[in-house]
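Trainee: Residues per chain are reported as follows:
Number of protein chains: 2
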Amino acid sequence: MSQNPSISWIESTQSITVESVLVADTKGSFVTRALPEIPVELAGIPGDRHYGLLRRADARQKIYKRGTMIANRRQISIVSYEECLEIAQRMNLPEIRPEWLGANLMIRGLEQLTLLPAGARLLFPDGTGLICEGENVPCRKPAKMIESILEQPGVASRFMPAAKKRRGIVCSVEREGMIRQGDTIQIITAHL
Amino acid sequence: MSQNPSISWIESTQSITVESVLVADTKGSFVTRALPEIPVELAGIPGDRHYGLLRRADARQKIYKRGTMIANRRQISIVSYEECLEIAQRMNLPEIRPEWLGANLMIRGLEQLTLLPAGARLLFPDGTGLICEGENVPCRKPAKMIESILEQPGVASRFMPAAKKRRGIVCSVEREGMIRQGDTIQIITAHL
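Protein sequences, first through last, are from chains A and B. All the letters of the first sequence, read from the start, carry residue numbers 861 to 1052 under my numbering. All the letters of the second sequence, read from the start, carry residue numbers 861 to 1052 under my numbering.
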């Protein structure tokens, strides 16, 4: 779609693109695997570990009793190529793969994805829309996963400080559709 | 519930309370009427004009083609006693009633409700939780309604500038429950 001048689009010197799309569809694991495209529904990505209109409150939602059914605003997690590279450099590793973080999208071309404010919209070429629900605060699970994959003891404890403010965002679905590897993304920060 | 020190609660010199709860259940009208309490479900307030998991994109959501089905993030609208008083004073009127604005809640005791950031949580005594989706930008409909109720020609054109940044917020439901007149509200701004 053409950019409407009355809307606040994020300007970027380069295109913001979808580097990879991934799904967490292995029972018992948060690790994702890359696909050419993923469908998104109001409840998230069908077959994905985080699919659902509702989810149980966990340690992240301290304002609710653990296990309380709440609206699922952590349907889709997004990391950026640039921030994953920064995390890797800070951990003295050659790379951090989106699969290890359980990310559903890795995007490229946006400075500081993790600082994108809650309420920002991500718009894809077929009209699919996601709502940024805020920063995905680093937790121990991917830290341990990276350590076990790389077989390097001590890597886990370096993940949390290295990933702080760089671990990407979580999103929910505003408009259903398809997201494809190579898609160009428009980001809107005006409230809607 | 007791306040967890690891969470960012909004501090207020006075309690933040629910002054009135209201529903828009008259066919063809956005005007609300006060009730002692309202149930809230994942899709909003049953019987209310804005109830639904999905809604059609309208003039506010310019990034989508008009009529596109999108997630309903405008389920519940909230105004504050203090901001309604300010709007009334700026319009030289004795009062602005929440009914005229189609508000579902009027709250009291919070400075500048309209500036509450998207992603803030409002928590009610029985555990009900709402998510702030951002400012409710003033539109012409309540302006015309106020003019016709007060039978004062010219009032409509004074509403939009007077209500800017004072017209309250829209919310969606995170945790289902009941909201009652007189409830005390806790507001959390940390991301969750």
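In case anyone wonders, no lab produced these hints; they're calculated from the structure. Be a bit skeptical, because a hint or two may be false.
Said to hold, decoys possible - Label-pair distances were calculated between CB atoms; the ranges are:
no.	chain 1	residue 1	chain 2	residue 2	range
1	B	ILE1009	A	GLN874	45 to 55 angstroms
2	B	ALA894	A	ARG893	33 to 43 angstroms
3	A	GLN949	B	PRO1021	42 to 52 angstroms
4	A	ASP885	B	PRO1021	48 to 58 angstroms
5	A	LYS1025	B	LEU945	31 to 41 angstroms
6	B	LYS922	A	ASN952	43 to 53 angstroms
7	B	LYS925	A	ASP885	47 to 57 angstroms
As the list claims (entries may be wrong) - As a list, the in silico DSBU-like pairs of lysine-lysine whose alpha-carbon atoms are at most 35 angstroms apart:
no.	chain 1	residue 1	chain 2	residue 2
8	A	LYS1024	B	LYS1025
9	B	LYS922	A	LYS1024
10	B	LYS887	A	LYS1025
11	B	LYS922	B	LYS1024
Said to hold, decoys possible - Now the stretches of chain B that chain A is said to cover, found in silico as 3 or more residues with beta-carbon under 8 angstroms:
no.	stretch
12	888 to 901
13	924 to 933
14	1021 to 1029
Even for Gly, the Cβ is constructed at its ideal location relative to N, Cα and C.
Trainee: Would you say the C-beta atoms of GLN949 of chain A and PRO1021 of chain B sit inside 42 to 52 angstroms of each other?
Mentor: Since GLN949 of chain A and PRO1021 of chain B have Cβ atoms about 51 angstroms apart, the given range 42 to 52 angstroms holds.
Trainee: For a C-alpha distance cap of 35 angstroms, please report whether LYS1024 of chain A and LYS1025 of chain B respect it.
Mentor: 33 angstroms, holds
Trainee: Indicate whether the distance between the beta carbons of ILE1009 of chain B and GLN874 of chain A respects the range 45 to 55 angstroms.
Mentor: 53 angstroms, holds
Trainee: Under the criterion that the straight-line Cα-Cα distance not exceed 35 angstroms, is the pair LYS922 of chain B, LYS1024 of chain A satisfied?
Mentor: Since the Cα atoms of LYS922 of chain B and LYS1024 of chain A sit roughly 34 angstroms apart, the hinted pair holds (cutoff 35 angstroms).
Trainee: Does 33 to 43 angstroms hold as the CB distance between ALA894 of chain B and ARG893 of chain A, or does it fail?
Mentor: 53 angstroms, violated
Trainee: At least three residues with a C-beta closer than 8 angstroms to a C-beta of chain A: is that true for the stretch 1021 to 1029 of chain B?
Mentor: violated (count 0)
Trainee: Holds or violated: 47 to 57 angstroms for the Cβ distance of LYS925 of chain B and ASP885 of chain A?
Mentor: 31 angstroms, violated
Trainee: Lying within 31 to 41 angstroms: is that true of the beta-carbon distance LYS1025 of chain A to LEU945 of chain B?
Mentor: For LYS1025 of chain A and LEU945 of chain B the Cβ distance comes to about 40 angstroms; the hint holds.
Trainee: Keeping to a limit of 35 angstroms between CA atoms, is the pair of LYS922 of chain B and LYS1024 of chain B held or broken?
Mentor: 20 angstroms, holds
Trainee: Go ahead and decide if the range 48 to 58 angstroms is satisfied by the Cβ distance of ASP885 of chain A to PRO1021 of chain B.
Mentor: 52 angstroms, holds
Trainee: Holds or violated: LYS887 of chain B with LYS1025 of chain A, Cα cutoff 35 angstroms?
Mentor: Since the Cα atoms of LYS887 of chain B and LYS1025 of chain A sit roughly 48 angstroms apart, the hinted pair is violated (cutoff 35 angstroms).
Trainee: Would you say the stretch 924 to 933 of chain B counts as covered by chain A, given the rule of at least 3 residues with C-beta under 8 angstroms?
Mentor: The restraint on the stretch 924 to 933 of chain B holds, since 7 of its residues have a Cβ under 8 angstroms from chain A and three suffice.
In this structure, the earlier hints numbered 2, 7, 10, 12, 14 are contradicted, and the remaining ones agree with it.
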